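Residue numbers (my numbering), protein chains in the order written: chain A, 8 to 403; chain B, 8 to 403.
Don't take every hint at face value.
You can't tell identical chains apart in this list, so a pair holds if it fits in one copy or across any two.
Stated by the list, open to error - In the EDC-like style, the derived pairs of lysine to aspartate or glutamate whose C-alpha atoms are separated by at most 20 Å in a straight line are:
hint : residue 1 : residue 2
1    : K14       : D124
2    : K67       : E382
3    : K90       : D398
4    : K170      : E9
Calculated directly from the structure, the hints in this document are not laboratory data.
Just so it is clear, the structure is predicted and the values come from calculations on it, not from any experiment.
Number of protein chains: 2
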Amino acid sequence: MENLLSKRIKNVPESFIRRILKVSSQPDVISFAGGLPSADLFPISALEEASYKVLKNNGKQALQYANSEGDSQLRNWIAQRYKDKQGLEISPENILITNGSQQALDLLGKVLLDKGDSIVIENPGYLGAIQAFSLYQPVMQTVAVDNQGMNIAALEHALNTHKPKLVYTVPNFQNPTGISYSQSNREAVANLVSSFDTLLIQDDPYGELRFSGKAKSNFMAFLPEQTILLGSFSKIITPSFRLGWIVAPKWLMKPLVIAKQAADLHTNYFSQRVIVQYLEDNPIDEHVEKIIQFYAKQKQAMVQAIEKYFPKDIDVAESEGGMFIWVTLPKSISSMELFDKAIKKKVAFVPGNPFYVGDEVKQNTLRLSYVTMDEVAIEEGIKCLGGCINDLIKSL
Amino acid sequence: MENLLSKRIKNVPESFIRRILKVSSQPDVISFAGGLPSADLFPISALEEASYKVLKNNGKQALQYANSEGDSQLRNWIAQRYKDKQGLEISPENILITNGSQQALDLLGKVLLDKGDSIVIENPGYLGAIQAFSLYQPVMQTVAVDNQGMNIAALEHALNTHKPKLVYTVPNFQNPTGISYSQSNREAVANLVSSFDTLLIQDDPYGELRFSGKAKSNFMAFLPEQTILLGSFSKIITPSFRLGWIVAPKWLMKPLVIAKQAADLHTNYFSQRVIVQYLEDNPIDEHVEKIIQFYAKQKQAMVQAIEKYFPKDIDVAESEGGMFIWVTLPKSISSMELFDKAIKKKVAFVPGNPFYVGDEVKQNTLRLSYVTMDEVAIEEGIKCLGGCINDLIKSL
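This is chain A alone, in the form it adopts within the complex:
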């Protein structure tokens, strides 16, 4: 009965990363593949305390159906956070709570994209976004990103030629490359976008995880009417709760709420209340600082191990935070071959290929996550990877 399947779902390739993650999740594998936050940093007892209080003090409400927009205290907190951290004036009325920012992508695809509409995506770019949008059958225009940000000429060409409905960006510590758009690149992107009837999505799951350097402007500061912000508690508290949000212009909120209602009525309300309680009782800035210290150390361990064990003629993309390192090997090396070799030795990572859309695939790239494994495993895993790379070079 497979003939009953929709065309849209037939269009979506099974995620290669998903297959990799299954292999990588074996307990004896040193995995640099997933973007799994370090479980050592989950505030387990504080969340236990918060759960207890929520059920004790207001269990009846916390276990009941709730509204589609999300908990008002949680939306207030998010608005206040934008003000405190980025100086942005955002009304809680313009915030919708979603099941992680992944659902935000699905809802935006749903309310904005008809089959054949153009959208701009980063190349290489975040696979979850590509997958979510592709279910609405758009035509994807790719714009290359490098360590300065988007290629402005390519963006201009895409905007002029294809009139995309949206431009999807991860300007801070991008997935997969870890790079951030420079301040001047942001200005140039915003300047271009402002002349077109298009929306700019700033997906920002890692923005709070800055290890060094100075934060750059949020696109909302340049394009208040055209910017959609996505955020998430997954990387700073827990991913299991699936709590994210969309900040959207007023005209877009009503369609988004209708789509949210049709999608699942509302986000798990108990978890929303637990997070509100947690944020009330615990200094989140201290917790985020702890995560930053922890990840910065692990990143340093990984970079040092790469310098020690990898051949010299490789490139590591500059990154000031987030969860990933992007490595470019010598052109002759295929990271897919490297994967096959490494996984036999119980070390996993994600080859760069699946992050590219279209023809300009760099076969010699790889994404390494430094957040899941501890420093000892990082040294061991990178040493093993270095050995595999050297073996591949010798065998050429």
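For chain A, the structure is supplied; the task is to place chain B on it using the hints.
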């Protein structure tokens, strides 16, 4: 910039029920409108205990990203429940955990429906399903339901003429009417569907809440290859957790998992673990029995109050369980007018109109929920409604 909205979202009317629920949720309103389970029945302390255990014993795993299919113990429990309660052999591999059964509807729409595909829905029918499916722009074929179930001639006509991809049913204690399909009606529906290349969805949120009478066959027993089952913990434990599931044939599971992954990666994993722990530590059958006793009493109070305060020439649809009573007033009475009158006196219900698709709207119908309000409020609210109906009759 509203021109950027997709055609699909422009197609979806704002839910009238949603507007009603907003009005009804004022604290001084006696509301028979929503399908909100009685908060007095939420197992608050047992869920508190379960949350504590989950975080204490395995917090790191419970707070981490998880797989898209859902927790394996939870899927095992659901499969076992089908076996114990309905004698159905279902493999946990064929179960996908969703954010309430509402998300199941969205995922099924996504993987099955292209624009213009036909589907069969009940008339009157569940608005959440109509809303979820309508985002995928199908053509809806309505089949009337009465207290025997689906109109077989109409179903046959729809199947023959429109070759629908799916037939959506709520055969037990249907929303909005509370009716159940008879055994012979189920057999006739299954017999018809078996000759067509179509799927039958049995949405069953209320199936466990049987107050009287004998359970009828699950469609899965007749149509093992063509039936999709939807279930939910919302009505028997808590709706806030948004935990539901799909049982689907093997060929459909992979597309559904891809769609789930694109939609939100996975369902809140902490809540899945809490429910597993709760089910391990608490006798769910006793809890369900408590809900049944409670709701049966409230239903009886409502029926008795209707007999006492409503005019004699009305019809109350026969129902053996669930959450709703369906009332048909004299033809001359508009339930929308009744709503306007009643809400001024702080009593709310849902007029029947929005549950109908197409032209055959019965303007004199209403849905009354007996699960949210206690017996005193039920008597008071029904008395007030009866007064309003009598006023409307006098003013004719």
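Hint check:
no.	hint	verdict
1	K14 to D124	both (16 Å within a copy, 11 Å between copies)
2	K67 to E382	between (45 Å within a copy, 19 Å between copies)
3	K90 to D398	neither (52 Å within a copy, 54 Å between copies)
4	K170 to E9	between (35 Å within a copy, 15 Å between copies)
Hint compliance for this structure: hint 3 alone is broken.
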